[in-house]
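Protein chains in written order, with our numbering: chain A, 1 to 312; chain B, 1 to 325.
These are computed hints drawn from the structure, not numbers from a lab. Be a bit skeptical, because a hint or two may be false.
Subject to a maximum C-alpha distance of 27 Å in a straight line, what follows is the list of computed DSS-like cross-link-like pairs (lysine-lysine) [claimed, not checked]: (1) B/K226 with B/K122; (2) B/K122 with B/K240; (3) B/K226 with B/K129; (4) A/K38 with B/K240; (5) A/K38 with B/K221; (6) B/K240 with B/K221.
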Amino acid sequence: MTVATEFKEVDVAVAEAPMVVKDQTPFRRFLSDFAESKVAVVGFFTFLIIVFIAILAPWISPTNPYDLASVDILDSRLEPGEKMMTGTVAWLGTDGLGRDMVSAMFYGLRISLGVGALSGLIALCIGVCVGLASAYFGGRVDTIIMRVVDLQLSFPAILIALVLLATLGKGVDKIIIALIVVQWAYYARTVRGSALVERNKEYIEAATCLGLSHNRIVFRHLLPNVMPPLIVVGTVQVAHSIALEATLSFLGIGLPTTEPSLGLLISNGFEYMMSGKYWISIYPGVALLVTIVSINLVGDRLRDVLNPRLAR
Amino acid sequence: MSVYIIRRLLQAVVVILAMSILVFAGVFMIGNPAEILISDDADQAERQRLIESLGLHLPFYLQYLRFLGRALQGDLGVSFVFNEPALLLILDRMPATLELAFSALLMAIVFGIPLGMWAGLKPDSLASKSIMASSILGFSLPTFWVGIMIIMIFAVILGWLPSGGRGETRELFGFDVSFLTADGLVHLVLPAVNLALLKISLAIRLTRAGTREVIHQDYIKFARAKGLRTGRIIMVHVLKNILIPVITVLGLEFGSLIAFSVVTETVFAWPGMGKLIIDSINRLDRPVVVAYLMITVCMFIIINLVVDILYSVLDPRVRLQDVKG
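The shape of chain A in the complex, shown without the other chains (with noise of 0.2 Å):
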């Protein structure tokens, strides 16, 4: 899958795309795109399938692995396929505590997911506002925030983490602000960009001419035409924050105990694994890498379809 040749396919699909007259809505014209690469599909579903894990984990997980009256030490550490104390089969073997993986993935999927899609949306809503305001008012404004986004991105994303969470400290709350931080400016500096070049455009002077309020043009005339890139880093930023809250996790200063997830998971079972035990590390591991691997999947080929110019 080389970049370069699916940049040419693309262009000549935008090329042709006035001349089909099948696919007119460029709704299908963008699905039919998004199709043609097979890996791209099967990364969409798959990450279907995992958000419907996430979100249905209370009731299709075979045991609650939080309620601690069914909870039992004397399942500790068995092995993928043995049977519990209470009959029910750990079909990828329990951690530590006794608690079953299956289950205690499901769970850790759902609180990975909601904290970096939460964290994600919080902060593309100020990246956009902010982006937006700074294309648009430009002159000091612009200068001011961009100083401000370019400081913060000089440095890297998780000495920032770093930084929030030690002043911080632990908790959920605490996580999501910390990941917010980190990725506002990502999604400010993509919007500046590209409402910077659409600004100039005529029909934004048709509206301003118009006498359409300040409110109106940005949020009715210019965001929906800067939506397109802001997608794609939208898609990656996900990956990314879902990534750094497990990492963050693994160290110890992100997510409470209370709320384990999948980086939680992994670490917890990290100290089991010099002994052999590789289940209770590697199968939340593997899950993580499933869900990150499959959204750059969807986000990358969101790329070459919405964008063809922008090369990385």
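Using the hints provided, position chain B relative to the given structure of chain A.
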């Protein structure tokens, strides 16, 4: 240019000051270290004496001013846990982290650039496609996860390499380093690879993009028309032109290597400053946390400045200038 540097330095001072307030205020808010440090059997008088000796009874702004005044004299406080100056504690661990980061940087250059050139020169070959596919993986896999996998495969299953620690060290210019002894080198391999993976992927992508851009330039066509050997064209004409941006970006990434070493050091129990900060956060060892964050931020600002200046020296087309505010 000197105006630019002076401005950047002033800007750096402002950033460092702002950072120090933020960090100090934040660290000040979490937990009360007195509860952790003072044993429950201590009587009230002893308790009071300890709190006063650590300066914990003062209001926030006084604690900050005290901290700032001492920091300017190179005193970043005394670790609550180790009872040693925090600065010394960190400087003591710094060589280990720097060694790890430099090894990773070296790997990124040694592996990333040739692989990236190969992918750029023969974009349609199977090898290039696998190189690019693995670089995507290298980007998307979390460092700690890869680290665990590496330990699992090479230390637990195959048993070829040790899973953690620094091994035997030898002194070089007054610092303990691992790469001079066989035992140390063996211990260094896995963490360095783990830390380097992300940067190798980055180097591959940058080099590939650069190669593909340069290969279509007129001077390459001319060199070919002149009848130069392919090897010479690649080694001299292509490589020279792509090296500057690649090296610059990798140089900038050196800071992020130090930041990411937090993860690698925790996974591989590498006794560097990254492991120290994680331990200190969990132990509420305020002075060490503050000192680490301040030192890292300063390092970052310096690295960014140096790379910017070096860039303009290496590539005269880039003129340093300040954006007009």
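Outcome of the hint check:
For the hint pairing B/K226 with B/K122, the CA-to-CA distance comes to about 22 Å; that is within 27 Å, so the pair holds. Taking the CA atoms of B/K122 and B/K240, the gap is near 19 Å; set against the 27 Å cutoff, the hint holds. With a C-alpha separation of about 31 Å, the suggested pairing of B/K226 with B/K129 is violated against the 27 Å cut-off. For the hint linking A/K38 to B/K240, the alpha-carbon distance of about 39 Å lies beyond 27 Å, and the restraint is violated.
With a C-alpha separation of about 38 Å, the suggested pair A/K38 and B/K221 falls outside the 27 Å cut-off, and the hint is violated. Among the hinted pairs, B/K240 with B/K221 is consistent with the structure: their alpha-carbon atoms are about 16 Å apart, no more than 27 Å.
Of the numbered hints given earlier, the model fails hints 3, 4, 5; all others are met.
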